[in-house]
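Take the sequences, apply the hints, and build the full model.
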Amino acid sequence: MARVRSRTRMNRRGFLAGMALAGAAGAPLAADTVNAAAQALEPPPPRPSALRPSAALAVAETAPPQEIKEHEGGRPGSDFMVDVIKTLDIKYLPSNPASSFRALHESLIDYGGNKQPEFLTCMHEESAVGMAHGYFKIAGKPLLTLCHGTVGLQHAAMGIYNAWCDRVPVIVVGGNEMDAAHRPPGVPTFHSAQDINALVRDFTKWDDTPVSAQHFAQSFVRMYKIATTPPYGPVMMSLDAGLQQEPIRDIGGKLYIPRFVPSSPPQGDSGAVKEAARLLANAEHPVIVVDRAARTPNGIKLLVELAESLQAAVVDQGGRMNFPKTHYLNRPPNVIAQADVIIGMELSDFWGVVNGYVDNGDNGIGFNETKIKAGTKLISINSVELITKSNYQDFQRFQVVDVSMPADAEATLPALIEAVKSAIPNDRKAAIDKRGETFRKAYANGRENVKKAAAIAWDASPISTARLVMETWAQIKDLDWSLVASEGNVSNWPNRLWPMEKHHHWLGRSGGYGVGYGAPASVGAALANRDLGRFSVSIQSDGDLMYAPGVLWTAARHKIPLLAVMHNNRGYHQEVMHVQRLANFRNRVAYLGNDLAPLGTGIQNPDIEYHKLAESMGWWAKGPIKDPVDLAPAVKEAVAVVKSGQPALLNVWTQPR
Amino acid sequence: MRNAFILIAAGLVLGIGAAFAASAENGKKAFVAHGCWQCHGFEGQGSIATSNGTVIAHTELSFEAFESFVRSTNRAMPPYREPILSKADLTDIYAYLQSVPKPPAAASIPLLNP
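Protein sequence lines correspond, in order, to chains A and B. For the first sequence, this note's numbering gives the first residue as 1, with consecutive numbering after it. For the second sequence, this note's numbering gives the first residue as 1, with consecutive numbering after it.
Any given hint could be a false lead.
DSS-like cross-link-like pairs, simulated, lysine-lysine; straight-line CA separation at most 25 Å [what the hints assert, rightly or not]:
1) Lys28/B to Lys626/A
2) Lys452/A to Lys28/B
3) Lys626/A to Lys102/B
4) Lys87/B to Lys452/A
5) Lys626/A to Lys29/B
6) Lys636/A to Lys502/A
Quick partial rundown of chain B residues pointing at chain A, CB under 8 Å, derived from the structure [claimed, not checked]:
7) Gly35
8) Phe42
9) Glu67
Quick caveat, the hints were computed from the structure, so don't treat them as lab data. Being a predicted model, the structure only gives us computed values, none of them experimental. We treat Cβ as the ideally placed atom computed from N, Cα and C, and that holds for glycine.
Shown next, in the form of structure tokens:
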């Protein structure tokens, strides 16, 4: 990036040259001296830096920074950047520190007072993004994370992809040393790239690389606006280290910060809404399928109103808490077999709703089969159609539908409800009411069947997943609870047995199914719940935790209370079954080694002592718990710890699913 | 005593020859070694995530129907043909599934009836 340099008395590059003449100039100034200088009206004269232009590359990266922090030639760009960030009321900034954004980091904590946002120390960039992901699903507001040029962004990439697939906004800023002629040689140059945004461009809504302070202000507000307009999604900015660190250039006019005005979400076309309403109102067996339809608590109310207007079955796929589990219209997925009209709202995979894929065809190749009757009409409201990209295949298989609305479902629901009420013929109202009575009976029967299924293996050891879930429930049911993650698959027992009704009772899953989401997203959501006075609980799987367990330390360090009840089935269980499946297809006995599971899929020998891992990072923890009778007292004890403000983990050995 | 009942029960289903061969104890080991537990749980309780909710503990299928499904299924479960799962082991597995302790009634579990 070309940079105008002449207007500053001494910039960072000149500094380095000066340092070369002056030699090692000694220790950094005391913090109070630096801060006093930073507040002076007139900047002090330039002083030589002590940063060594050493040939020892590792030293350049690992040695303490020795460059003085005074303003040379004017106000640092990063101070203005903090002013911009503060206008957007971003509460936290989870991040792993890095040299490429040291200037912004310093401005945030010393100039910005470490408030709005507050820096949260993370031990992995994927953890930072995962925390922001979970936080948004409770707070409804995005967080900012900073990551280091190439290396930090590559660590963050999986978390960003999960956020993309889960339609969650995360503001990602990557520090980057762009000026090849002046950036520090060695490690910082290894960590620089022409276009770091390219790493994540396929799964971010927008990205930019500002080249001036004013450009930063425009782009930061713009990226926030884009991220928070449905369909939500992560956004990316490559931020030059020099732009952060050097004094702001005189651009011949006053710097300004654009005002953030949120965009209204896109609504369905009125004609398409009317046609959808006509089909639904005249259907014999309408079915509503929802995945991420309820973006807010109001979305649940709207879905209930629509379902009750039609007395239509609702299949909640659980991308969000869309529909109360306690409502008689909440039905299992097999109801679509009888449907004559299906409306899908914010589905991640409409094809998968109406088709099945059986991984057991000839030669191990799967085959497809339809799940619906011929002639069933399909309606789609899906905002993701507005941001479909090409490379990553999160758009799933193509499904032909009869009415297609590329629009936000929650924003379209009020118009759809009104249209449905108007479209219901008077002579159909009795039949619609009768449909509701049928569902009430089916719901009651279904509840009994679920309980019967949960009772099987109730006393088993390892502990059944139903028992794990219900022993946990018994200790939190009187609290304002929030299940912040349930990773590793516990047969969906929380959704089948817990009376989930509120938006914060269930947050959905990772989106991209990249393992490693559960632990950081739980901590991020628990942070938001902490500020709201809620109790956070997660079902934490073993494989997920080990991707980046350092987030446990972050939770303890920043006093984020969370009850993590482990579903420790001692394996990457999906892969356990995949390898077994392939062995069967090929008529070979799967090799287990000394494990229970096919070689390479188990997490045992040795068994990981997760409770000790958590204890080492400041958590209260207990385990391994293998006997179901030991579970209730342990959960009770852990709940008391969490209520006192501390995170707690129970290492529970469980059945596979 | 319980094993004796199991043998008698299994004999009624399998016929005398198979009953003498069936061993619930061996069946439990075979159930684990052949990976049946992966989708069906260690007690055959099943899961909506892996066995479509099918419970194979105390299955009501006859052994012949059970074996036919295991050998040739083209549904979600991959087939276990004779080269990788012997008839003797499958017979024992069937006996094990009949021997698993019956669960308590759901109505008797307070946690399921809050």
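**Study point:** Hint numbers not upheld by this structure, sorted from lowest to highest
**Key:** Structure breaks hints 4, 9.
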